[in-house]
Structures are given as structure tokens and as C-alpha cells.
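Undergrad: Each chain, written out:
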Amino acid sequence: MEVMNEIWANDQIRSAVLISSKPGCFVAGADINMLAACKTSQEATRVSQDGQRIFEKLEKSTKPIVAAISGSCLGGGLELAISCQYRIATKDRKTVLGVPEVLLGILPGAGGTQRLPKMVGIPAAFDMMLTGRNIRADRAKKMGLVDQLVEPLGPGVKPPEERTIEYLEEVAVMFAKGLADKKITPKRDKGLVEKLTSYAMRIPFVRQQVYKTVEEKVRKQTKGLYPAPLKIIDAVKTGIEQGSDAGYLAESQKFGELAMTKESKALMGLYHGQVLCKKNKFGTPQKEVKQLAVLGAGLMGAGIAQVSVDKGLKTLLKDTTVAGLGRGQQQVFKGLNDKVKKKAVTSFERDSIFSNLIGQLDYKDFEKADMVIEAVFEDLSIKHKVLKEVEAVTPDHCVFASNTSALPIKEIAAVSKRPEKVIGMHYFSPVDKMQLLEIITTETTTRDTTASAVALGLKQGKVIIVVKDGPGFYTTRCLAPMMSEVIRILQEGVGPKKLDSLTTGFGFPVGAATLADEVGVDVAQHVAEDLGKAFGERFGGGNVELLKQMVAKGFLGRKSGKGFYIYQEGSKDKNLNSDMDSIFASLKLPAKPEASSDEDIQYRVVTRFVNEAVLCLQEGILATPEEGDIGAVFGLGFPPCLGGPFRFVDLYSAQKIVDRLRKYEAVYGKQFTPCQLLLDHANSPGKKFYQ
Amino acid sequence: MTSILTYTFKNLPSTSKWALRFCVRPLSCSSQLRAAPAVQTKSKKTLAKPNLRNIVVVDGVRIPFLLSGTSYKDLMPHDLARAALLGLLHRTNVPKEVVDYIIFGTVIQEVKTSNVAREAALGAGFSDKTPAHTVTMACISSNQAMTTAVGLIASGQYDVVLAGGVELMSDVPIRHSRKMRKMMLDLSRAKTLGQRLSLLSKFRLNFLSPELPAVAEFSTSETMGHSADRLAAAFAISRLEQDEYALRSHSLAKKAQDEGLLSDIVPFKVPGKETVSKDNGIRPSSLEQMAKLKPAFIKPYGTVTAANSSFLTDGASAMLIMSEDKALAMGYKPKAYLRDFVYVSQDPKDQLLLGPTYATPKVLEKAGLTMSDIDVFEFHEAFSGQILANFKAMDSDWFAQNYMGRKTKVGALPLEKFNAWGGSLSLGHPFGATGCRLVMTAANRLRKEGGQFGLVAACAAGGQGHGMIVETYPK
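Taken in sequence, the protein lines are chains A and B. Quick note on numbering: UniProt numbering labels position 665 of the first sequence as 665, and the sequence is numbered without any gaps. Quick note on numbering: UniProt numbering labels position 417 of the second sequence as 417, and the sequence is numbered without any gaps.
Incorrect hints may appear among the rest.
[Said to hold, decoys possible] FRET-style restraints, in silico, Cβ to Cβ:
1. B/179 <-> A/326: 23 to 31 Å
2. A/159 <-> B/255: 35 to 43 Å
3. B/179 <-> A/53: 54 to 62 Å
4. B/280 <-> A/4: 52 to 60 Å
5. A/569 <-> B/196: 29 to 37 Å
6. B/207 <-> A/212: 38 to 46 Å
7. A/321 <-> B/295: 53 to 61 Å
8. A/433 <-> B/207: 30 to 38 Å
9. A/207 <-> B/178: 42 to 50 Å
[What the hints assert, rightly or not] The following residues of chain A were derived to be distant from chain B, with all beta-carbon distances above 10 Å:
10. 36
11. 136
12. 545
13. 558
14. 593
Derived by calculation from the structure, the hints in this document are not laboratory data. In this text, a Cβ means the ideal position worked out from N, Cα and C, and glycines have one as well.
With the hints as constraints, model all of the structure from the sequences given.
TA: The structure is reproduced here in C-alpha cells:
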């Protein structure tokens, strides 16, 4: 700001360029810790107003200011850029623009809600602010968010990145001079569609319709669980309908209110957790994985291969049959080709990426493998067989990772010659979409092996939690009691549709019955039986018989076309599977009226999940609550607005959750007995998972 | 029908713009040797190698290189190639039956004459017993034709090979869209009226939008001019420097033309038109005039313009290559030896046009020569910015260490020995034919200026490059 004042004060200076000295980043937003430090909404409002004032000065500057953007230009960074008179961005993949505040439960509080609609039009501004999506530079140019693009340069007589920034600066200076000399005008030609849209937006009736439609859509999608989107709409509306003074005031006040909500605290906590889980706390592995091998070209195996080749890893994909292998290769190709359709990569890049994949039926070249990930059928004897086969051909340093959702790694490692190199890597389906990777270490797994697995996972772009071995590890173990409760609820006569709407209404992105169909009923049955044996009564509740009967009838969920619902290719509507009625009827349980209100049903599902998660921390399966929250939200779809089971306990008080558990314990028994750690937290209210 | 035509035309970019984008596509350079001061001592007396046949260029010719859309516009590529072959026969008086083999380079193929070497040879009256093939390697296609000939002779398969190149940018194959082609092919296979009608019902108007030949790198989708502009920016080469270099090229070409130095040209009587005897793209202008042009690729602030780029050109060249023994036995006095050569390739995106930088040190080391041994440099000029970027890259220790795996820079090129009779920027650049022009210019300059070694270098689409040493034939 001092520099800016000097610029305005000095007559010699006629224009200015704003550029970041940090490569790969223009301004990636305000410091969210600053916001976290605010104790009251008034303080947060002041933060917003300070930002607004500074940017207003920029906007009103009589000397043209050019923002030269290279790298992330997010949140406050974008608000800064749109306050300038002109924007030039580097057209590379690292340069993204966006206002991701909504993902943190707040709104763009430094004039963003007021300037963005004027710059890109109301519909596009709503889209940006309500989704928080990142916009690549070329798209930003088309939208009018930036005025010029600069191509990234290759090597010259200095490193490409360095020279590209210099070039960006040179071009920006050229435009700054041009603007000062009035040779260039910051106005741009709008396309026909854009002209029509902006004309339509001048009609109050059309605007009202737009607000209404957007509000309805937001209400439908957030189910009232996220306050930020509606406040964003409000702030925009106030600015347009009542003038900018009212708009800025509304923006800063709503910013203050949002900053104090539980939702924003939960979402910011997730953000921090995600940053944490993107780091390798086990250090750099002695040997980088350069040659990967994946066993089994099924859904998981091919998915793992896809995210690996995508990052330039040479990957052997082995299956036992030509048909199985071909299916897997096609899956990888399709995954990459979908990226071409989305213009994320070119068809040439797709081919070059795809050539990193080598499909085979034998163990050729496994002697060069640095890591083998097996994704064969979930059966201990098969896992043992492939482990022995693999160890016979791989070098001593090769890590053997097992992709399993429930089989204890210790048992798999029991037949290994090199148990210190055996580790679990639990991917989530679909692998290319789900961000989470759960890594499972046994007592014999060395730190270097773990470091190696984490490094690979990070390379694959995963968010990683590292947990101790045990039946169901962390994620599956939390899911099992929840699913057990879901079955009991279904047995008590609540229909799948009703159950789905109750769970999504609580914030789960996917309803509980649909989730079972997605995971696969046979898998759910397997897990329920295995974990039921391991943990006994605590995992009881619903009758596994229901799953067994479904499997017997071939109702395996989405993959077989029928589960709780009927799935049809190409059709998004799903209808209830009426053949389930007889199964429900045969296993019907009387509903307990004292624990069957809608809210009770929601809490029965959630509290069992939360209780089990806290128990995992108590038992040391989980190392930190952060990992527990990330695992639950990213792997199992625990409501993000609650921030994960641990954040949920902190924000909604352990006592209330214990009270709930006690209430249901009285009705159903031991499955709801709160664990010791949860009781400890309830007994000393100052105790929090997050300090 | 009218509407169809209108539609088609709408989809064609304006000619000038399109032409320019095209001209940037292939690129090659060569260098020649200049009269060495008497005091200078060479690292080597000659590049002859024991147990290897010496290979000589007896002579080489080209028809004048013309701007596309001028006098050659109604011809086909093999017509130009034929004219070059006939010119070579006339110049050398080589009996047709002595020729063992014929190779031509070309880039944009006329589909009717995809082996243009064979069609041209037959048309020029060569024996139908003389085989011919066509090679393609973007702007270094005729370099590939020459080195293929060298390989065939060196390995003892043949003694006399004709190598040349041809490009006719006045006409390029514009195809129907893939959808349209597919429908047409399916229609030809349809057996019943019903099948035909059902196929026709799938027709959509957008099937008619034509497909232009690639104006961009296939791997990166970037046009060459765009890449050249980025390259110039990467090496911080200003618009003025580029315009000055282009002006130099045109001025030197004009001087060479006026002094009659471009002796490789053979006149061509174009059927139905006048006899063409001069290149028509040489247009020395002024820096002020050039500064007025708008950037052609990176708008509005780029530095590559129509004036500092090579233009779309029609032309053909041909050379008579023999083993030295055979040439002497036939009583010829060859012009030059063709010595060591290399092909290089690198990143087709960011180093698309840096072939000469990589080829130069490699071929010099292979031949056991140093930069100071070279009397004549003859490099292909695709763009001013590209030539100047290569100069800077060769003169940079940083670039040599980080990208070429060398300890020190290749070294600065002596401008006084460089492209002294003009280059592709001024003479023109028929993609497939430029390589032979570079070698013949190097050979002729060496004779004229009294030098011994010439270095020819060129870059090409795909991020490839070529370098070759030409040694003058002792008098």
C-alpha cells in the first residue's frame, strides 16, 4: 500500500504493473488464519471493510494499474486483480483464477460480490462464486475476466519460468504504457451472446427471475445446510438493486456473520486437514518408484493404473485373462479420453500418457518393479498366492502394497519373505475421482516403506491418511456400524428413498441406501460378516441376512443393475427395486417409536459412525483427528458442513453426542455405548480434538 | 449447390493469413564456407576417410523460387520437379541411362502424385527402368533425399543418384471432413437404395466444412509462427532486431541476384506463360515500412510478422550426386564433396526451431573440425526470430550446459560468413526443395570465395534438425 501511495503521489509515474515475485502464484487468497483469529463477527466485518477500502482506492486510481497474473489468482488475489484497470495472465496450467471462498463457508469479502457481476455478467459471476471453481486463463479471457494472455516460454538463456515471468512483466509494462497514453482502451468487444445477456440483465424482471432460479437451485443442492451461497446471492442482489454503497455494506456484514458460523469453521478445518494430508511426514523414500506394477485389471486395478500413468509413471498392468486385461485397458483409455473431451489434455498427450501403460498376462519385467500394488479379488488365499508369486520375481527393495478394503494387512503379510516391505493401500472407487488414499501400516512395515507408499500416493494426486492395521482399518471400520444401523432402519420399515433423503438432508452427499448400491451389496456383506466376527456385538444391529438374500438374488447394486434401486444404462432416474419388498417383509423388525423420528434416524446413523471414529483414535488406529476427519469426508462422504466426526464433536459438543448415544443405548443396547475417549471429552468441556 | 459453395468458402480462412501460417511450418538452415584468409590453418587438410568412398556433388540446379500464387500456380508439383530434373540434365549433360536412382523430398503431398519423384522422372524422360522414391521430413526433406543418396553410394549399391526436392504451395490438398469422407465411402459400399437413403439421411451441413492441411504441429497443435514468436521472446529478441535481420537477408539476396551469383538457377518456360528466370520474393524494404506491420501470430503484442518470416513458396531443386571415382571416370569436374552429416531432434514445443544449435556442434565434432575451420555458413532462415534465437542459444553457456549436455557454449557465428547471398527469408522456402539450395549455395560460395569447408544447417517441423559439412572440390 505504501508503494501504491508513492505511485499516486509521484507525477513522474503514469501507470503501474502489479506482479508477484513468487513463481507459480499471483496471490492465492487472504490468510485464513487471520480470519480464524477473529473472535466476533464485527472483527471479521472489519477485515472485510479494510480489504474493500484498499481495493476501492485501486479501482478509482487515475493512473492505470495492470495486474500481471502468473500462477494461482484466487480469492483475495482475484478481488485485487479485478480492482485493477487491466489484467494480463500467463496461459499455463498453473494459472487459475477463482473465488473459492464459498468452499470455506464464507464469501468474497473484499468487493468480489460487487465487482465480479459487473465484470463477467451476473450469471457467470454467480457460477464462479457459488461453485468456487477454478478458471483457467484461456477460459478467463473468453469470459472477460482477463484482458490479455501471455504464452509460457520455453528455454532461452535462463530458466523458462524465470523468463516467462520477465516476459509477462515486459508485456504488462507495454500495456500499462499504452493505457496511460490512451492508445489502448480497457474495454473489450463482447460477443453476441454476451451482449444479449447483458441487455437482458438490464431488465429488472429478468434479474428477479435469475435470482429466484439461482436461489432455488442453491436451496435444493445445499438443503439449507450451507449458509454461504444464499448470503452471496443476497450480497450481489443488494449491490445491483440498491447501489454499491449498500452492496459493499451487505458484503462486509454477511462476511462477518459467515466467518463465525460452525459451517465455515468446519470447512476451514477440512481445508487445513487437506493441506496436512498432502504432505509426506515420513520423509523422502530411499528409492523413488519409477516402475510400478498393478495386479488385477478390474475396476480398482485399472483405476490405480490410470492415476499412475497419468502422472508419467511407467506402469505394468497384469491380469490373468486377455478379456479381463482388455477391459482394464479400455477403462484406462476411456478415463484419459474423457479428459480429452473436457479439453484437459490433447489427444496427443492422451496417447503419450497411455503409452506408459503396458498390459500383460505374465510377470515379465517385474524384476524391475519398485512397487507392486495388487488389486485382485478380496480373498485371503488368492492374496497369499499372488504375494508369493510376486516376491519370487521382484527385487528386494520392491514394496508390495495390497489394495483391500477390509482384509488385515498383517494376515496378508504372514506368508511374505519381506514383511517389512508389505503395506496396505486402500483406494476408493472410482479411483480417478475419489481423492482419498488410506495407507495401512503393520507393526513390521518400515518407515521407508511407508514413505515410499505415501510418495507414490501424493504423485497420484491423492489426499492421504496413514492408519494402523486392524480389521477394517479406519474407513471401513467406521462405515460398518453405520451400515449396520442403516439395515436395521430399513428392517424397521423406513423405505430406501426416505432413508436416502434423511441422510442427504443431514449433509451426506450420497444417501445411505444408494451408497450401499454404489459400494456393492456383496462387498458390504463381506465386510459386515468379517468385521462382525472381529468386533462382535458392537457391530450388530441390522441383520446381515438382508444383504445375504440380496446377494443370493443377484441384487449387487449398481454393478449388477439392481440393488435397493434399479439402474438403467443412460437413465439417471432410479426406481425402487420392487423385488426388495419380499426381503424387507421377511426380515421386518418392529420400529421403536422412542427412537424413530426423522431426527432420531439421522442421529442413529451418524452417532454410530462418530463413536467408532473416536474409538479408532482412542485405540491408536488413527494418529491424528485431522486424518480421521479427512478420511471420513473424502473417503466416505461424511457431511463436509460438519467438518468430519472429530470436528463435529468439537463444534456440537461431546456431551450432546453422548446424550444421544445414551438415549439410543437405552433402546437398542451396546451398539450405542459411547467409547471412553468420547466420555472423557464430554466430562471435561474444555477438552477439544482441535485446540 | 450455391449455398454449399458459399458455406465452404466461409470456412476458408482469408488467403493471406492462411498463407502466412503455412509458410512458417517447415524450416531449415544451411551454412557455407567463405574464402579463408591464406594464413588460416585448418584442423584437417581434408575430410576424406580411409576405406570410405568419396561422394561428390557434380552440380545442382533449381528453378526460380516464386511466391505462391504467381507463375507456377496452375502447375502440379511434378511439373516443377520435372523442370528441375530437365535443367539438371541440361546443365550436366549426364546420360539418362547412367542414373541409377532418383530421390525427391516433399512435404505437402499432392495425393495424385504421392511418389512425386517417380512421376517427375518418367515425365522428364528418364528410363522407366530407373527407380525413384519420395521422402518427407518437413523442411529438411531434400536434405534427407541427399543423405539417402550418400548412403546408397557409400554402401556401394549405386554410383549415380539424383536427389532433389519440390514444393507447390499454390495448391494444397483440402479434404472433405472425416464425417463426409466416411459417408461417401459408406455410400460407395451401400448396395440397396434403402441403405443409401438411410446413409444420406444422416447428412448434416457441417459435413461440408473442409479440412485444411496441418498448419500446426500435430503433437502440440501450435502453429510454427506462434512457436517462433515464443522462441524469440524466450531469447528476448526484439522486433527491431528481427526486422533488421530480415532486411539483411533481402538486401544480400538482392545484391547476389544483381551480381549474378545465384548461378544454381535454371530458367523455366512455364507452359502458357513467360519464361521465369529469377526468384520473385526478394523485396528489400525499409525498417519503417516493416515496423508498420502487425504481428501475425501472437496478437496484438508479438514480434513475428509477415516481413520477418519466410513466405509460402513454389519451387524445385535437383542435384547430381556420384561416387568420386565414377565422376572422374566420366570426365566430370565435381563442385564439392558431401562429408559428415547429422540429424538431431528435440522438444517439438519449446525448442521446435533450434535444430541448427544442436546439429552444428555435433557435426563439427564428428568431422573433427572447429567453428573457425568453417569458411561458409549456410543456414535455413524460417524466421528472423528463429535465426537470432539460434545465434543466442549457440552463444550461451547456460543453454549449452542445461539443455545440450555440453560444458561450454557452441560459440558465436561469424556473421560475415553467414548466408552472404540471402536466405529463405528473401529467396523463398519451398519446404521440400530448400535443402538442395543450401548445399549448392554453400558449394558455389566456397568456389567463389575460395574457402574449403562449408556448414549447412536447418531446422524442421517436429523439432528436428540437420547439419552437414560440404568440402569444396580441389581445383
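Undergrad: All the hints need checking, so say for each whether the structure fits it.
TA: Each hint, compared with the structure:
no.: 1; hint: B/179 <-> A/326: 23 to 31 Å; in the structure: holds, 28 Å
no.: 2; hint: A/159 <-> B/255: 35 to 43 Å; in the structure: holds, 41 Å
no.: 3; hint: B/179 <-> A/53: 54 to 62 Å; in the structure: holds, 57 Å
no.: 4; hint: B/280 <-> A/4: 52 to 60 Å; in the structure: holds, 57 Å
no.: 5; hint: A/569 <-> B/196: 29 to 37 Å; in the structure: holds, 31 Å
no.: 6; hint: B/207 <-> A/212: 38 to 46 Å; in the structure: holds, 42 Å
no.: 7; hint: A/321 <-> B/295: 53 to 61 Å; in the structure: holds, 57 Å
no.: 8; hint: A/433 <-> B/207: 30 to 38 Å; in the structure: holds, 36 Å
no.: 9; hint: A/207 <-> B/178: 42 to 50 Å; in the structure: holds, 44 Å
no.: 10; hint: 36; in the structure: holds, 42 Å
no.: 11; hint: 136; in the structure: holds, 16 Å
no.: 12; hint: 545; in the structure: holds, 54 Å
no.: 13; hint: 558; in the structure: holds, 33 Å
no.: 14; hint: 593; in the structure: holds, 63 Å
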